[in-house]
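2 protein chains.
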Amino acid sequence: MFTSGLDPKPFSSPIDNYLARLHTKYSGFQEGSVADYIPELAKANPDWFGICIATRDGHVYEAGDTRQRFTIQSISKALAYGLALEDRGEDYILSRISVEPSGDAFNAISLKSGTGMPFNPMINAGAIATCGQIQSKGGLSRFDRILAYLSACAGRSLDIDTGVYQSESSTGHRNRAIGWMLRNFDIINEEPTDILETYFQQCSIRVNCRDLALMGATLANQGRNPLTKEQAIQPDFVDNILSVMSSCGMYDYSGEWLYRVGLPAKSGVGGGILAVLPGQLGIGIFSPALDAQGNSARGIKVCEDLAHELALHQFSNGSAPQPSLRLSYDGSQVSSCRRRSPQLQQTLRAIGHRIRVLELQGELIFSTFEPVVRLVLKRAPYCQFLILDLQNTVNIDDVSLKLIGQLHSDLLAQGVQIFICNMSKFSRLFRRKGLEQIVQFGNEDTALEHCENLLLQQMVGSGWNVVKPVSLMNHSLLGSLSEQERSWLDIQMDKGEAVKGDYLIRAGDAGDCLFLLLTGSVEVRLPSETGQAGNRVDVFEAGMCFGEMGFLDGSPRSADVVALDQITFRVLTRQLFDRLDNDYPQLKIKLLQQLSSLLSANLRKSNAELAAYKG
Amino acid sequence: MFTSGLDPKPFSSPIDNYLARLHTKYSGFQEGSVADYIPELAKANPDWFGICIATRDGHVYEAGDTRQRFTIQSISKALAYGLALEDRGEDYILSRISVEPSGDAFNAISLKSGTGMPFNPMINAGAIATCGQIQSKGGLSRFDRILAYLSACAGRSLDIDTGVYQSESSTGHRNRAIGWMLRNFDIINEEPTDILETYFQQCSIRVNCRDLALMGATLANQGRNPLTKEQAIQPDFVDNILSVMSSCGMYDYSGEWLYRVGLPAKSGVGGGILAVLPGQLGIGIFSPALDAQGNSARGIKVCEDLAHELALHQFSNGSAPQPSLRLSYDGSQVSSCRRRSPQLQQTLRAIGHRIRVLELQGELIFSTFEPVVRLVLKRAPYCQFLILDLQNTVNIDDVSLKLIGQLHSDLLAQGVQIFICNMSKFSRLFRRKGLEQIVQFGNEDTALEHCENLLLQQMVGSGWNVVKPVSLMNHSLLGSLSEQERSWLDIQMDKGEAVKGDYLIRAGDAGDCLFLLLTGSVEVRLPSETGQAGNRVDVFEAGMCFGEMGFLDGSPRSADVVALDQITFRVLTRQLFDRLDNDYPQLKIKLLQQLSSLLSANLRKSNAELAAYKG
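Line by line, the protein sequences give chains F and Z.
Going by the numbering used here, the residue at position 518 of the first sequence is 518; the numbering climbs one at a time, nothing skipped.
Going by the numbering used here, the residue at position 243 of the second sequence is 243; the numbering climbs one at a time, nothing skipped.
Check the hints yourself; a few may be wrong.
For chains that are exact copies, the list does not tell them apart, and a pair is met inside one copy or across any two.
To be verified - Calculated lysine to any residue pairs in the SDA-like style (CA-CA distance at most 20 Å, straight line): (1) Lys229 - Pro371; (2) Lys402 - Met493; (3) Lys614 - Gln391; (4) Lys605 - Asp538; (5) Lys301 - Leu94; (6) Lys605 - Phe546; (7) Lys614 - Leu325; (8) Lys378 - Ser328; (9) Lys614 - Asn392; (10) Lys229 - Lys378; (11) Lys614 - Arg338; (12) Lys614 - Ser328; (13) Lys43 - Gln166; (14) Lys500 - Asp16.
Don't read these hints as lab results, they were simulated from the structure.
These numbers come from a predicted model, not from an experiment.
Between the sequences and the hints, there should be enough to build the whole structure, so can you do that?
Structure, rendered in structure tokens:
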């Protein structure tokens with residue numbers, strides 16, 4: 001049965017269990033053979049077998065030999081292509097290396113007739129040409145930069161297998177021929193010697209299965225390594241890399257791979273496969289026995305199973321981002337923390353629907369935000385104010401920012417104002433797009449208050465918000481009392497005053513009195529260890545009372561109350577209240593009835609808001 | 001300024017405006033020339049130009065000549081491939097038609113050496129072979145079935161352009177040669193004559209730009225036409241169609257198209273392009289002037305702009321589905337509608353955290369549900385009950401269902417129970433996966449109540465839930481009263497009784513009395529026009545009172561109160577309550593204090609729940 005929180009029971013993950021079963025399933029699979037064009041690769045143990053999945057937020061599931069090191073080989077082509085794009089830009093690179101599948105083997109000297117352009121960056125010709133576009137910079141050689149780039153993708157410092165490199169270099173004559181052909185067509189602008197050595201080194205970088213999965217997760221995470229949080233690949237080029245992986249990443253098996261597995265991927269003769277479910281996760285597989293196309297034989301099997309059993313095919317059902325509307329309600333259902341007089345409250349109940357709050361969630365991109373645009377256009381004719389709450393929004397793309405900007409100016413021209421709240425994490429984005437003119441609020445509460453204020457000003461006219469000091473005689477709590485009763489209380493009740501920032505109540509205090517505010521305003525704040533502002537839960541002003549719950553049920557205070565300006569108040573102590581039972585029962589009854597009405601009204605308001613939030 | 005809700009102002013959509021601007025931008029673009037291999041196609045006006053985007057939920061944005069009809073041509077190849085897969089299954093089709101890009105022109109007689117298999121279904125050879133796999137069935141010819149299939153995809157009855165068909169047929173000698181080669185290699189099992197006529201007819205089906213967008217939206221919507229809701233394409237084959245469109249859909253431009261535009265697409269020499277952002281939307285472009293590769297020249301330009309400006313590239317940033325956790329709270333923060341006695345309430349406040357509610361949202365697929373699995377495993381050691389609330393969940397894939405099943409049995413083995421609520425729309429899915437053993441509840445409230453009941457039974461022991469009839473003397477509201485005061489009330493207060501289903505209060509009634517329940521239970525229900533149950537908002541039992549809010553503040557009843565079984569109660573009328581002011585003020589004070597405490601407690605509970613829902 002249940003054990004205490006101090007002794008948590010261990011629970012195994014069904015996902016770990018699944019990977020373990022998958023590993024067992026293919027451990028006995030014996031097809032394919034280890035690459036042997038150089039002796040170093042032939043030393044690989046065909047039983048080595050690792051499976052890794054790394055999520056976009058950096059959780060890694062592992063099964064088998066996930067820490068066994070091997071050389072990255074052709075998988076490096078996909079990532080080095082990103083570095084070349086960063087160095088030279090897309091147009092320049094596309095003018096030298098095409099992106100069409102060739103139909104030829106990976107090591108064919110297949111260049112487009114006329115231009116001599118390699119068909120794509122995933123065949124050797126294209127990869128050597130790519131390597132040639134990478135620059136030495138800031139004292140770093142081409143290879144230093146490639147090594148640093150791949151290390152950033154993996155999230156740890158990688159190194160080189162010098163034995164493999166020397167073998168590759170001493171036998172790489174065909175690649176040298178390709179290099180000179182590229183020089184001949186001016187695809188590269190220098191003698192190919194250094195480029196080729198760099199290319200051989202690049203292919204000899206040592207990785208493990210986990211590295212591949214994390215490189216994949218980096219590609220899935222807009223180029224940012226999910227563990228180190230380093231921006232390893234410029235976000236603009238992630239789609240370029242994934243596109244060439246998608247069309248040309250698996251040698252002559254690319255079409256069928258896309259069909260059966262449906263993940264952009266790149267394999268290497270070292271036995272590695274790096275696959276990416278864009279935006280979601282990275283997969284690393286390692287098993288050195290290769291099939292006829294040069295792909296890890298076990299790796300292909302495992303990826304087919306993974307894609308099928310975890311529904312990872314990029315075109316499989318249901319992976320669509322959802323509309324970004326989280327919740328929609330209006331200002332008659334939910335109101336700000338600022339307490340209003342009964343008359344103003346009634347006004348807001350009647351016309352609060354002119355304020356519409358749309359809580360957004362997830363990533364705002366065209367197809368998630370477009371339904372919100374439609375909803376805004378549908379609601380706008382009945383609104384004066386639209387508040388977009390970004391609290392649960394995790395990202396906003398440029399398209400959505402532009403649409404927000406257009407909605408803002410289009411609606412404003414027709415008298416409807418859009419406000420944004422909870423957007424601090426996107427401030428830079430909004431500034432960059434020149435959207436500073438959209439008024440922003442720290443949170444939904446302050447945005448709501450602002451809209452309420454504008455509505456009230458419009459309905460009630462100027463002076464609606466002047467908080468007039470009240471005398472105890474005019475205080476709302478004493479509304480049903482006779483002149484005599486009020487005068488009696490005036491004599492009995494303590495007087496108090498405070499200045500801005502003074503604490504009238506602290507959370508944890510005994511709830512032994514009720515405050516009647518006569519001048520100024522106070523704010524109720526949830527206690528915060530950091531002492532930061534902005535966590536207000538209530539605002540009271542002259543003519544209102546506060547502290548009634550603890551006063552009535554005797555429980556300790558649950559929040560702080562702080563003066564917002566110079567205030568004066570009166571205090572009804574429990575002692576005095578108790579005395580009334582005998583000394584002045586009619587007065588006590590009236591006070592209790594007034595307090596009960598207040599509690600009822602507050603409870604109704606809370607329940608209405610609860611219903612709105614439950615949706 | 002603001003106009004009344006009866007006179008809504010028209011608002012234009014920034015998305016419509018954008019498409020109109022895009023249309024204007026390329027209206028003057030004059031490159032390419034209309035196909036002229038048959039005279040009928042040469043009649044097309046090169047100025048015709050339409051742009052359409054259809055969303056997954058069936059909203060269509062249109063600009064230009066979106067209703068001009070033209071022949072579908074090669075775009076039909078992609079859809080007919082789906083019908084062949086439905087007729088023959090994936091393995092059979094893959095044994096006859098490969099899925100690799102060929103590198104050759106679309107009309108090459110390019111078959112794989114040895115097998116004679118066409119490289120892919122998007123070149124003529126593959127498309128004719130595909131057509132040959134489609135069967136005549138149920139009195140419908142091959143062509144009837146293709147026409148019906150494409151019509152279902154478009155969501156309206158399509159027809160054929162007989163002039164184009166006759167021209168295609170009378171000049172289609174090269175395709176006839178391909179047909180006989182396919183017969184030679186037994187890729188098709190009959191003389192090709194009928195197959196070829198069907199193929200010529202298939203290419204001559206008339207569509208407009210809007211049809212293409214809706215066919216695209218159908219592919220984006222798991223094969224279901226978003227307007228007619230008809231399952232036009234079997235969901236299992238949607239990824240196959242999208243995969244071949246992705247690798248081979250745009251002739252020799254496929255690699256660069258994937259790189260620059262990044263959308264599975266298919267073009268036709270009629271001037272149409274159908275593009276799909278999987279899971280999100282469909283695009284239809286029509287403009288008959290073709291470029292050197294045979295793709296609509298304007299269409300390519302427009303799609304490049306669309307992909308760039310709306311960030312539609314399938315690998316572009318930010319289109320990732322988000323984790324499906326919407327909200328997480330425990331049973332100490334939020335409780336069921338069943339009112340508990342103060343002692344039981346206190347027990348639940350103390351150990352309610354052993355109930356954890358996870359509200360899920362969106363589509364549950366591996367990468368959205370996997371973070372939930374991690375959270376469940378993290379919380380489980382501190383829980384006894386986990387409630388998965390599916391109210392905001394729109395779909396659950398088989399992988400997530402399996403993970404739910406595994407979590408359920410793994411956790412159960414360690415004493416933690418998973419319950420599901422708000423799952424009626426998924427009942428069939430759960431049954432199909434054999435997950436009936438997971439206990440389901442209609443809504444969160446009943447699931448919470450069940451867990452609370454189990455916790456209370458465990459803590460308090462048997463008999464915890466026996467609702468004993470109370471006498472007025474023992475009623476909680478009278479707890480602070482003297483013997484004498486109670487006896488006095490016993491004489492004064494009306495008695496009442498009711499049977500199951502009787503209404504004690506109806507929404508709208510005057511709130512002129514307070515009920516003290518002595519036997520049985522009552523349920524508070526929000527008024528429902530359909531009269532259906534399940535909208536309970538409160539349950540009271542013997543020893544509690546209800547109706548206090550309207551009683552205290554005089555406002556009308558906001559909900560119905562219905563007896564759940566045979567009940568007896570006492571009624572405190574306003575008349576009696578008012579009389580107490582003078583007749584028995586000490587008694588009135590005690591009652592008011594008791595009622596105020598009750599209201600305070602309820603308000604605290606509502607505010608705590610509000611905080612939990614605000615997240």
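Give me the numbers of the hints this structure contradicts, sorted from smallest to largest.
2, 10, 14
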